[in-house]
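Protein chains in written order, with this note's numbering: chain A, -4 to 475; chain B, -4 to 475.
The set of hints was computed from the structure by calculation and includes no laboratory data.
Watch out, some of these pointers could steer you wrong.
Pairs count within a copy or across copies, as identical chains cannot be separated in the list.
To be verified - Once the Cα atoms are required to be at most 20 Å apart in a straight line, the calculated PhoX-like pairs of lysine-lysine come out as: (1) Lys127 x Lys324; (2) Lys401 x Lys(-1); (3) Lys401 x Lys369; (4) Lys74 x Lys100.
Being a predicted model, the structure only gives us computed values, none of them experimental.
2 protein chains.
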Amino acid sequence: MNIKREKWSNNFSEWFDWVISEGEFYDYGRYPLKGVGIWLPYGFKLRQAIIDIIRQLLNNTGHEEVLFPMLIPEGLLKKESEHIKGFEEEVYWVTKGGSEDLDVKLSLRPTSEAAITFMESLWIKSYKQLPKKYYQIVSIFRYETKATRPMIRLREVTTFKEAHTIHSTFEDAENQVKEAIEIYKKFFDILGIPYLISQRPEWDKFPGAVKTYAFDTIMPDGKTLQIGTVHHLGQHFTKAFDFKVQKADGTLDYPHQTSYGISDRVIASLISLHGDDRGSVLFPLVAPIQVIIIPIPSKNTDDTNKILEYSENVKSQLISAGIRANIDKDTEKTPGEKFYIWEIKGVPIRVEIGLREVQNSSVTLKRRDTLESKAVKLSELITEIRKLLEDIENNLKSKAWESFNKKIFYAKTVEDANKILEKGGVVELPWCGDNSCGLKIEELTNAKVKGIPLESKKINDSCVICKKPASNVLRIAKTY
Amino acid sequence: MNIKREKWSNNFSEWFDWVISEGEFYDYGRYPLKGVGIWLPYGFKLRQAIIDIIRQLLNNTGHEEVLFPMLIPEGLLKKESEHIKGFEEEVYWVTKGGSEDLDVKLSLRPTSEAAITFMESLWIKSYKQLPKKYYQIVSIFRYETKATRPMIRLREVTTFKEAHTIHSTFEDAENQVKEAIEIYKKFFDILGIPYLISQRPEWDKFPGAVKTYAFDTIMPDGKTLQIGTVHHLGQHFTKAFDFKVQKADGTLDYPHQTSYGISDRVIASLISLHGDDRGSVLFPLVAPIQVIIIPIPSKNTDDTNKILEYSENVKSQLISAGIRANIDKDTEKTPGEKFYIWEIKGVPIRVEIGLREVQNSSVTLKRRDTLESKAVKLSELITEIRKLLEDIENNLKSKAWESFNKKIFYAKTVEDANKILEKGGVVELPWCGDNSCGLKIEELTNAKVKGIPLESKKINDSCVICKKPASNVLRIAKTY
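Work out the full structure, taking the sequences as your base and the hints as a guide.
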């Protein structure tokens, strides 16, 4: 069977809007406020399964979940000046309570470094209490003036997982950055989401960070999407809050911090990267429904009843084996209509049961990823389904990485880079390391600098701008 | 051993602040904004366990979890006029994005009836799609002008579980109200939280409701705390949104709705009701740590190492058996200091392990609820702990109900009622059923009318105000 990915890659934006709406993941564009959406029951379950994975990864590495207030008073948010400058134009302000004007403006949190540092300064007095690793999963708010997009660029980001850690030394924080990168690698690997890790250039760091690393994936249309960031905050916030702790030698010093976050974009990329022209193809591990059973009714009512009874039996067997299975018993839709909708919803395996299957004690399985069908004896059902779910995960992962790797290019001149960028993807260019040349590249390509690779690449070419020997490559891409 | 409950009942407010702060549940009063708090890791885990229970009860009864935007534009919130009148003075308004004034004021959701009804009007066209039962667990905001209290009266309520259902007929919605009441009964019963269910009087219904039922518990100081509400909304909201669905006979009509909610107050009452002068006594089912192991070090280092090794072994056995266990290995605290803090934190069972225990292949168990100690052979550890956890749950439940039942009174005159109210609790008074007499009772007692019992009580006395034969009792109490 032919897996088409034309609509998917050529009209990605349209495809994505269609899938999340027809697949009943997310309602967007109808609520009377720009840039916010509604997680529908099916999408909510997918979201929850993804959250469970990151929670487990964080809990297993000594992170503790907390919940901070959503409102940050103006004075608190403005303590660190670089930080507020970076967010100033994006902050929503509450100015009224009932009909009264508030004495102090309250921001809807754009991120929580300021609030958390303030509380840490009350909680932590000595190096003996360090390190501490906190995280929370919350809504954050940005008054986006750019075009908004469902799950990708929102005014309310409803699934912001932000981790905040604090350490005695710069090196301890540096090691925490490494741990955070490892955690995110694991997380994206589990979900089969391909990524590049880049250190962002000086001019694109998180406001208030010493260094920012970012995970970028490449969407079906060739544009990159930032799906995770890790920041070394150094002492920026602890100094702004004049927050010192006692060190082993009895002296006082400002502790060092990191923060790292992921958002709804993980869900957007999961839905997008594994999809095809028929809709989404959900990764079995997190699919709300892993197996959908479609009874094919017979003209004869007795036979139809047998088919339904048999279907219920198949469902029970699957559920007892811990597989998330359901039957579509809608009597007003034809099997064909059901196939169509469950394909958009991306259920990994379809089980078709008609009279023939009942008579043969079998079922017909159809994989969503390859669209291949297969008859299976009832006695082998569980073994086959388990194997298929695993096969589908492996196939989705390797297909996603294969297509991703084809979109990473190397170019020795700005002209070549521009030609490649027309088609999308990431271009690596030889670069001398000077910010001025980096900014010039951004100007000449009309693309965005994503930064340098986490592991430096030694190359023998010369910087595309100044022609001095290149010390590394610089990654550029059209981006969301 | 003597279980003291003097501080607990005589200085309840102080006791509660002490427990949530020293027990590291919740940081309150130090963040620079009134009426908001921070869920600390230990409190967060307790909160999560409680949320898991209500989620399961709702999912098992066909409720679907969703997530709606936090911001509700002014026009949407104001559609139902009774509703907005009820909340008008309590709504926070966002008026600025960056340095720009917004065209439309945005409210921080005080509750979500308006937002959900609006979206339902887009989703639901026919009675065939009904009923629908949605819920979400979110933060809501109220600009409280009364004195705020941690978890009890907040400006940001961080754990608001709101369910919203929609039905073809008034009777279907009425039945849903019954289902909701049953779900909440189960929920509070699981946690051993005693309650009275009352139908709130006309003048204290939820703004926009036809009828409101409420669950009240009684806090250690004798004041009632509303811990759950269930509303029959009738067609109030669907009419305001001019939202009709097609009925079986082809005509159009406004559907009927209900909504019901619980909040952080459940956690406040769980911590409070089972506590004593030494701190909280956590209900084993939801205790983040069910068993805390305290090694009692010896003067001899080798012996201490043996004790630690033995403790680790006990911990592994407990964890393998699915019991949430931990060891307090802090070397800077004495066992006595550890006992003190884990008692405040309310861990249900303490396991003490010293040299004697190691030599006898035993452990010493101490129940947090009764403070009784007991030596147990290592070979019987798991069986004993399981039994004890169950005993503790049963004991906490029956103790809470016993003390609750003693605080429900009957009085035939306002004077008698006032005498009883001095000491706290709920007083039931004979009442004719007229609102004017009800309001008069409220005026004369300086207490709050909680309403009439879910199941009417037939009595032969006369109304305390007008002396006409009473048709029911009216409940009054001093309340949070």
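Alpha-carbon proximity context of lysine 127 and lysine 324, limit 20 Å: Classified as between: cross-chain Cα gap 17 Å, same-chain 51 Å, threshold 20 Å.
Using 20 Å as the alpha-carbon threshold, which applies to lysine 74 and lysine 100: within, between, both, or neither? Answer is within: at 14 Å inside a copy they meet the 20 Å cutoff, but 27 Å across does not.
I want to check one pair: lysine 401 and lysine 369. Are their C-alpha atoms no more than 20 Å apart within a copy, between two copies, both, or neither? neither (31 Å within a copy, 67 Å between copies)
Between copies, within a copy, both or neither: which fits lysine 401 and lysine -1 at Cα up to 20 Å? within (18 Å within a copy, 71 Å between copies)
Hint compliance for this structure: hint 3 is the single one not met.
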